[in-house]
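Enquirer: Please construct the entire structure, taking both the sequences and the accompanying hints into account.
Just so you know, the sequences run in chain order A and B.
If you read the first sequence in numbering that gives the first Met the number 0, its first letter stands for residue 0, the second for the next number, and so on.
If you read the second sequence in numbering that gives the first Met the number 0, its first letter stands for residue 0, the second for the next number, and so on.
Derived by calculation from the structure, the hints in this document are not laboratory data.
This list has only true hints and no planted wrong ones.
Here are the computed lysine to aspartate or glutamate pairs in the DMTMM-like style, where the Cα-Cα straight-line distance is at most 20 Å: (1) B:K142 x B:E125; (2) A:K46 x A:E99; (3) A:K206 x B:D149; (4) B:K83 x A:E114; (5) B:K242 x B:D224; (6) B:K26 x B:E54; (7) A:K110 x B:E54; (8) B:K132 x B:E199; (9) B:K132 x B:D190; (10) B:K11 x B:D224; (11) B:K108 x B:E127; (12) B:K167 x A:E114; (13) B:K132 x B:E198; (14) B:K26 x B:E230; (15) B:K167 x B:E29; (16) B:K197 x B:D218; (17) A:K210 x B:D149; (18) B:K87 x B:E29; (19) B:K167 x B:E131; (20) B:K11 x B:D22; (21) B:K142 x B:E127; (22) A:K206 x B:D144; (23) B:K167 x B:E127; (24) A:K210 x B:D144; (25) B:K87 x A:E114; (26) B:K247 x B:E230; (27) B:K119 x A:E114.
Here chain A is said to cover these stretches of chain B; the calculated rule only asks that three of the stretch's residues, wherever they fall, bring their Cβ under 8 Å from a Cβ of chain A: (28) 51-57; (29) 90-103; (30) 114-128; (31) 142-148; (32) 158-168.
Quick reminder that beta carbons are idealized off the backbone N, C-alpha and C, glycines included.
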Amino acid sequence: MEFGEIVSVLLQGAIVTIQIVAMALPLAVVMAFGFGLIRLYAPSPFKQIAIIYIEFFRGTSALIQLYWIYFVLPFFGITIDAMTAAVVALGLNIGSYGTEVVRGAIQSVPKGQYEASIALNFTASQRLWRIIMPQALVNMIPPFGNLAIELVKATSLVSLITIGDLTFKAKSLADTTLQVGEIFGVVLVFYFVIAQCLVFFIRRLEKHLSKGLGRGGIAS
Amino acid sequence: MSAPIIEFHNVKKCFGDTVIFSDFNFKVEENEIVSIIGPSGSGKSTLLRILMTLEGIDGGYINVAGESLWHMLWQGQYVPANSKHLHKMRNHLGMVFQHFNLFPHMTVKRNITEAPMRVKGVSRQEAEAFAEKLLALVGLADKADSYPNDLSGGQKQRVGIARALAMKPSILLLDEITSALDPELVDEVLDVIRNLVKEESFTMLLVTHEMYFAREISDRVCFFDQGAIVEEGDPEVIFTQPKEERTKAFLNAYIGQS
Chain A
0 MEFGEIVSVL
10 LQGAIVTIQI
20 VAMALPLAVV
30 MAFGFGLIRL
40 YAPSPFKQIA
50 IIYIEFFRGT
60 SALIQLYWIY
70 FVLPFFGITI
80 DAMTAAVVAL
90 GLNIGSYGTE
100 VVRGAIQSVP
110 KGQYEASIAL
120 NFTASQRLWR
130 IIMPQALVNM
140 IPPFGNLAIE
150 LVKATSLVSL
160 ITIGDLTFKA
170 KSLADTTLQV
180 GEIFGVVLVF
190 YFVIAQCLVF
200 FIRRLEKHLS
210 KGLGRGGIAS
Chain B
0 MSAPIIEFHN
10 VKKCFGDTVI
20 FSDFNFKVEE
30 NEIVSIIGPS
40 GSGKSTLLRI
50 LMTLEGIDGG
60 YINVAGESLW
70 HMLWQGQYVP
80 ANSKHLHKMR
90 NHLGMVFQHF
100 NLFPHMTVKR
110 NITEAPMRVK
120 GVSRQEAEAF
130 AEKLLALVGL
140 ADKADSYPND
150 LSGGQKQRVG
160 IARALAMKPS
170 ILLLDEITSA
180 LDPELVDEVL
190 DVIRNLVKEE
200 SFTMLLVTHE
210 MYFAREISDR
220 VCFFDQGAIV
230 EEGDPEVIFT
240 QPKEERTKAF
250 LNAYIGQS
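Expert: Structure below.
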């Protein structure tokens, strides 16, 4: 098989991979903020639910979670297509790590910031969204960047539930052509490029959000 | 004479097993400037933090402007205040912190205008005009668009004062506002307070280690030790003829240092 053909087949797979990332990442962010805030501020029963979610999805294998959602849930009458299963499993999995990122970042904002915002009589929600969150977001970006890259790499698992992602295409091409060196070389480059695009975007975001906070962070 | 603007009645405050105040009584009259001096850990800052609703109390009650701070009337009985009541009571109070606690993600101007706009619903135009006036008052008119991290400690604290004044509190609490500053920056901050009390009358409660400043600015000085007022009165009397041994010892230690 010619190199150009290999690249074009793998490119199709890469597009599927990017689609999964593009859908699972927002889900992970929503889960991270939702459960992160519940974990910090909600009444106890909700907190317990958040803890169960976090510990379950962090504490079990992402691949098994994927298998459950795709292969086991149909036995309980819940059938979802492979793409949805992939997005849900990866989104929930990465989101569970993200929850702790959100919580840690909010808690790392100095206590004096809460006190000043109470002294200025901001309401509880103004304190969170106008004072604490803008500073916490800056702390969240680097660990969220790591998680986004983790997500890109974890998408290769979806090849095991019949989705034609980058890894799936590479394996089937390798099985038929045996040109493993070229194929897996291109695959490495593709994953690397996808991850680097994310890194680039995350750096821009970090720079944008940290206006005024300086390099040393948030002391003042 | 009208009722005191601040009254503590048999206030109790503990941190775990440590008792800070056991039966604390204290009054401040309207437009009175009261300095609180005393050794570390004597409960000076806690007093201000309780007033600013940053710390709750474990007994007794406090009135601010004739209304209970930590309690509210509910069906004819006093019950612990809810957040709405605290929100209302905080309108009387403003605080300047030892470590400034400016919002680092906002420009100096926004640090000053954010609360008036969001909390009091003042228009942007009005809030910014007042912020400019306050910045001129603290000598930082040219720093409106800087971020806090680009300022010196003294400048940060002057912004901290302007930010508290922007809410037009009737009671200003100053919690060791020069303790985190290099010695050469202390006076630029104290000068702001000096000018402030010259131009307007304030009820001001300050915890300070700057004895000469306390002596010069206060109507009354309270010497605190172990959660109680050991001695209080006219600053000239306290600083020149203290009666209590503990006051003498504390002031001697200070004079010995400087």
